[in-house]
Amino acid sequence: MGSAIEVSGLVVDRGRREVLHGITCAIPAGQVTGLLGPSGSGKTTLIRAIVGVQIVKAGTITVLGSPAGSAQLRRRVGYVTQAPSVYADLSVRENVRYFATLYGLGAADADKAISDVGLAAAKHQLVGDLSGGQRSRASLACAMIGRPGLLMLDEPTVGQDPVLRADLWAQFHELAEQGTTLVVSSHVMDEARRCDRLLLMREGRLIGDDSPAAIRRAAGTDDLEEAFLRLIKEHEGVAA
Amino acid sequence: MSLRITLATTARILRQLRHDRRTVALLVAVPSLLLTLLYFMFHNAGPTFDRIALIMLGVFPFVIMFLVTSIAMLRERTTGTLERLLTTPLAKLDLLFGYGLAFGLAAAVQAAVAVGAAYWLLGLETAGGVGLVVLIAVVNAVLGVALGLFCSAFARTEFQAVQFLPVVVVPQLLLCGLFVPRGQMIGWLQAASDVLPLSYAVDALMQVGVSADPTGTMWTDLAVVTGAAVVALVLAAATLRRRTP
Chain C
1 MGSAIEVSGL VVDRGRREVL HGITCAIPAG QVTGLLGPSG SGKTTLIRAI
51 VGVQIVKAGT ITVLGSPAGS AQLRRRVGYV TQAPSVYADL SVRENVRYFA
101 TLYGLGAADA DKAISDVGLA AAKHQLVGDL SGGQRSRASL ACAMIGRPGL
151 LMLDEPTVGQ DPVLRADLWA QFHELAEQGT TLVVSSHVMD EARRCDRLLL
201 MREGRLIGDD SPAAIRRAAG TDDLEEAFLR LIKEHEGVAA
Chain U
1001 MSLRITLATT ARILRQLRHD RRTVALLVAV PSLLLTLLYF MFHNAGPTFD
1051 RIALIMLGVF PFVIMFLVTS IAMLRERTTG TLERLLTTPL AKLDLLFGYG
1101 LAFGLAAAVQ AAVAVGAAYW LLGLETAGGV GLVVLIAVVN AVLGVALGLF
1151 CSAFARTEFQ AVQFLPVVVV PQLLLCGLFV PRGQMIGWLQ AASDVLPLSY
1201 AVDALMQVGV SADPTGTMWT DLAVVTGAAV VALVLAAATL RRRTP
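The listed protein sequences derive, respectively, from chains C and U. Position one of the first sequence corresponds to residue 1 (our numbering), numbered consecutively onward. Position one of the second sequence corresponds to residue 1001 (our numbering), numbered consecutively onward.
Worth flagging that the hints you see were computed from the coordinates, not collected in a lab. Where is the CB? At the ideal position from N, CA and C, for every residue including glycine. Errors might be hidden in some of the hints.
Lysine to any residue pairs mimicking SDA-like chemistry, simulated, CA-CA at most 25 Å apart [as the list claims (entries may be wrong)]:
id, chain 1, residue 1, chain 2, residue 2
1, C, K123, U, L1017
2, U, K1092, C, P28
3, C, K57, U, L1082
4, C, K123, C, S66
Which bits of chain U does chain C cover? Going by a derived footprint, with three or more residues having C-beta under 8 Å, they are [stated by the list, open to error]:
id, stretch
5, 1041-1054
6, 1087-1097
7, 1136-1149
8, 1175-1188
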């Protein structure tokens, strides 16, 4: 299977600090890739760079065959930011319908996206009146609506209860089976096992890029969290 | 640009407004209440009320829409919806014209109510037609929207956004001919007044005040205000960046 995203030598400055120090990786098409790492490790910056909203200092990013951020990608890449970016003073349905129109889709598509994220019962409520978890699902619905080839999700399961979280992951895999490439960031290691492939980040560098099984094997442990810790130590050993 | 997306954006902004009943009530009622206040202030002053009320009918929509738009646009920036919109097929001008249209429509309703109150309740009299006053009021509102969209790019917080009112709006108010006739100002003030768009809007209204038929000067004034609004919208488009640091 080919790559949906190819990142090469990516360097990004935020403020006066360099936050990504030369990232190179390829993200396979039609799979769920987990972007794991502690907060502050550069996950969001990498996602922003791939979506094409981040000013980059050096390196190239190719997304679905085009340079990241090019106009033809705007119909093909869905992006969910960490803080839910939906209109708090509109109902769920009004929000999703608006985003549907931007992609040339209609009310039926909007309703489907709403029930896909489990908000059918709350669709007439104002987003501002929803719980944090519901709000981020409303935000997710607005990104899924365009049936993008690539979905970039920044911590979409934060604040969701376990049942919903399992539901959302099942949906991510369903989308991947239909050919969508998904990149899902999380700082919760327990979500790592649900991914087809993992990118482990720490302090602006990639310290792991493989399937969960291969990462476990390489680290010699069955526990992904433990594997991540060992990778960090190994990495620091190399650096020292 | 796409007409469908522009209109969808207009509809979305109007829906947001509709959910905020208090803002709608304030938008519709406040100008008329302030005109009533003026009416009693100038009760025995003869034609002074006519002159001031007429100018205020153009000033209110400009000030109010400037403020409303700069806050609305700032919210788009701070809540992340702007960044998200710019990753979709929406063009920058779809968003800006969407705002211009939405608040232009809101201003038309506001102006209709204020003009209705001024002419039929408070006895405002002008030589020219009521329709022209509404037209000028709406163009002024669009100018306010365009300047608000532009200025919001330079504000990071609501506090800063509100400070643009004294910076951008008040000088125009002081120099537009409301307080001192522009012809009596000293040279450099007159020159400053000549480059501020609100001066032309006020001049257009004064033309309606004295002339039964729309004058050429009035149309020129209106064209200047419209041109200023378009320039401000284009400048605002230049401040919208798809990529940020």
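Going down the list of hints, with the structure as the test:
1. C:K123 <-> U:L1017: holds, 19 Å
2. U:K1092 <-> C:P28: Violated, at about 32 Å.
3. C:K57 <-> U:L1082: holds, 23 Å
4. C:K123 <-> C:S66: This hinted pair is violated, its Cα atoms lying about 36 Å apart.
5. 1041-1054: Since three or more residues must qualify, the claim that chain C covers the stretch 1041-1054 of chain U is violated, with 0 doing so at under 8 Å.
6. 1087-1097: Since 4 is at least three, the answer is holds.
7. 1136-1149: It is violated, with 0 qualifying residues against the three required.
8. 1175-1188: n = 0 at 8 Å, threshold three: violated.
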